[in-house]
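Enquirer: Read off the chains here:
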Amino acid sequence: MQFGVFTVGDVTQDPTTGRVPTDAERVQSMVAIALKAEEVGLDVFALGEHHNPPFVTSSPTTMLGWIAAKTSTLQLSTATTLITTNDPVKIAEDYAMLQHLADGRVDLMMGRGNTGPVYPWFGQDIRNGIALAVENYALLRRLWREDVVDWEGNFRTPLQGFTATPRPLDGVPPFVWHGSIRSPEIAEQAAYYGDGFFHNHIFWPKEHTARMVELYRRRFEHYGHGAADQAIVGLGGQVFMRKNSQDAKREFRPYFDNAPVYGHGPSMEDFTEQTPLTVGSPQEVIDRTLGFRSYVGDYQRQLFLLDHAGLPLKTVLEQLDILGEEVVPVLRKEFAIGRPAHVPDAPTHASLLEKVAVDA
Amino acid sequence: MKLAVISAGLSQPSSTRLLADRLAAATRAALPAVESRVFELRDHAHEITDHLLTGFPAGGLPDVLDAVATADGLIAVTPIFNASYSGLFKSFFDVLGDDALRDKPVLLGATGGTARHSLALEHALRPMFTYLHAVVTPTSVFAATEDWAAGGDITLPGRIHRAGAELARLLESRPPAAAPDPFALTTTFESMLAGEGIRSF
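Protein sequences appear in the order of chains G and P. For reference, each letter of the first sequence is one residue, going 1 to 360 in my numbering. For reference, each letter of the second sequence is one residue, going 1 to 201 in my numbering.
Simulated from the structure, these hints should not be mistaken for lab results. Careful, some of the hints might be misleading.
Said to hold, decoys possible - In silico DSBU-like cross-links for lysine-lysine, where the CA-CA straight-line distance does not exceed 30 Å:
no., chain 1, residue 1, chain 2, residue 2
1, G, LYS206, P, LYS2
2, P, LYS2, P, LYS90
3, G, LYS90, G, LYS355
4, G, LYS314, G, LYS333
5, G, LYS206, P, LYS90
6, G, LYS249, G, LYS206
Stated by the list, open to error - Listed next, with one range per pair, are the computed distances between beta-carbon atoms:
no., chain 1, residue 1, chain 2, residue 2, range
7, G, PRO120, P, GLY113, 39 to 49 Å
8, P, GLY113, G, ASN244, 51 to 61 Å
9, G, ASP257, P, GLY158, 16 to 26 Å
10, G, ASP125, P, THR130, 19 to 29 Å
11, G, ASP125, P, HIS123, 31 to 41 Å
12, P, THR130, G, PRO166, 52 to 62 Å
As the list claims (entries may be wrong) - Some, not all, of what chain P presents toward chain G, calculated at C-beta under 7 Å:
no., residue
13, LEU53
14, PHE56
15, ALA58
16, PHE183
17, PHE189
18, SER191
19, MET192
The beta carbon of each residue, even a glycine, is placed where N, CA and C say it ideally should be.
Put together the whole structure using the sequences plus the hints.
Expert: Below, the structure written as structure tokens:
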């Protein structure tokens, strides 16, 4: 099972000091978090994509390429890549290039994006979100799998005799996850292709996650990719930890109370109960995270959101130390217990390459 | 047959709740098979605000939203504030799921200090429920303070009786409500791939 962190790259005021990081500081903090993730033994760093303030993650492959050069084991991913408003041709090119530079340590998570104006800024209509996700991804797959593509669709200029370069590393396209909170069409899309399905999980009641994962697993089996419990599932999680539970709650509370997503709404205690947010001791985080399995089954990837709501970099790096030293080693051991042998790990370049060799 | 009754009254006791109860009783009198459940939005005011902020219902609110979505009919009553429905009333219908009121018989009621507010039912409430694709009874009932003691030809009890009978007739004429499941897959992937579902510009 893979463990990692994901970030949306929001520039948010620290409510305890009033300080707002500069764009430069925020960009540097994200790469520091990625390097730290590898250092403390995590497997995955996933980067969001946004094209509006307060986010600074408009150019994911530039950042991931830099991180690739500075790391050696970290799997680089996205959370998410906008399959609706990006040109699928550019996604094919950018991520194939990244795949070569990172020696195959690349996968992607497709998402639609929920910021209305981003669609018209990029020449699209948010009401076509699902249709764009379906058509663009179908083209992206062909661009990675067919050397020469003739294509015509509804949303971009037709292609005649087009070859996306560089070709994928070893002829194996990056593995793709599809992320969606409550659109059954996207769970269906992931199942249709036998791709992974990632549920953001955080900020939402677990019932959403359970329903979407159940649908994806059922349809994955329907389309003949394996048994339902062999489908590739990833989950988000949000935690804040200190040695003593009460210290964690006291320190995180002002960040919770003013957070962009849930601030000024429910109490931290209510929200912790209603969603997977866990604020407490490392042991509480371990117990809560192990509980996710009870409603999604054995799964493949767990990503944590740590750098949210204006938390300073120093604090986030301390959180990574706790995660790497005290939490993830226990999670690895405990999640392995009772996990059926036929449940696969998340695909990597190496495992996909091996599969191609076996199939051939 | 299930009837959900929503009262957005704030005071305790509330004349809005009183009107809601009278409208429900008039509907049951015309159609004894009706079982009604009454919800006071005041009891869920924090949860409604939290839902606006977080995007999901919590606490007791999911039960209320579900009761409205699965009901065969709805009675919705609000005090009139500033010539329109109250903010709490509007917020509740803002967090109610898409299509929850589609094709659902609805009886509207409102209360206010004077009869000068009565047309708020027609220029504020009725358009919102039409937008939500509800089937609104021809008669909606406004109760001003003075109505609770008035006699004459068109008394408040007479209007309540007429509106309740209209809702009962609508309930009788329609098939049982089927609440939409937001997680249900309603199309095949093949049809999505074929480009169906694209909006025409």
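Enquirer: Hint by hint, say whether it matches the structure.
Expert: Going down the list of hints, with the structure as the test:
At most 30 Å may separate the alpha-carbon atoms for a hinted pair to count; G:LYS206 and P:LYS2 meet this at roughly 29 Å. Simply put, P:LYS2 and P:LYS90 have alpha-carbon atoms about 23 Å apart, close enough for the 30 Å limit, and the pair holds. Among the hinted pairs, G:LYS90 with G:LYS355 is consistent with the structure: their alpha-carbon atoms are about 27 Å apart, no more than 30 Å. Straight-line distance between C-alpha atoms of G:LYS314 and G:LYS333 comes to about 28 Å, which keeps the hinted pair within the 30 Å bound.
Distance check on the hinted pair: G:LYS206 and P:LYS90 sit about 28 Å apart at the alpha-carbon level, within 30 Å; holds. The straight-line distance between the Cα atoms of G:LYS249 and G:LYS206 is roughly 22 Å, inside the 30 Å bound, and the hint therefore holds. Between G:PRO120 and P:GLY113 the beta carbon distance is about 46 Å. The supplied range of 39 to 49 Å therefore holds. In this structure the supplied range 51 to 61 Å holds for P:GLY113 paired with G:ASN244, their Cβ-Cβ distance being about 56 Å.
Separation of G:ASP257 from P:GLY158 is about 53 Å and departs from the stated range, judged on CB atoms against 16 to 26 Å. Separation of G:ASP125 from P:THR130 is about 26 Å and conforms to the stated range, judged on CB atoms against 19 to 29 Å. The supplied range of 31 to 41 Å is met by G:ASP125 and P:HIS123, whose beta-carbon atoms lie about 32 Å from each other. Between P:THR130 and G:PRO166 the beta carbon distance is about 57 Å. The supplied range of 52 to 62 Å therefore holds.
The beta carbon of P:LEU53 is positioned within 7 Å of a beta carbon in chain G (closest approach about 4 Å), and the interface hint is therefore held. The restraint placing P:PHE56 at the interface with chain G holds, with a minimum CB-CB distance near 6 Å, inside the 7 Å limit. For P:ALA58, the interface hint holds, since its Cβ comes within 7 Å of a Cβ in chain G; the closest pair sits about 5 Å apart. With a cut of 7 Å, the hint placing P:PHE183 at the interface with chain G holds, because the nearest CB-to-CB distance is about 4 Å.
The beta carbon of P:PHE189 is positioned within 7 Å of a beta carbon in chain G (closest approach about 4 Å), and the interface hint is therefore held. Interface restraint check: P:SER191 against chain G, minimum CB-CB distance 10 Å, threshold 7 Å, status violated. Given hint, P:MET192 at the interface with chain G, holds; its Cβ is 5 Å from that chain's nearest Cβ, closer than 7 Å.
Violated hints, in rising order: 9, 18; the structure is consistent with all others.
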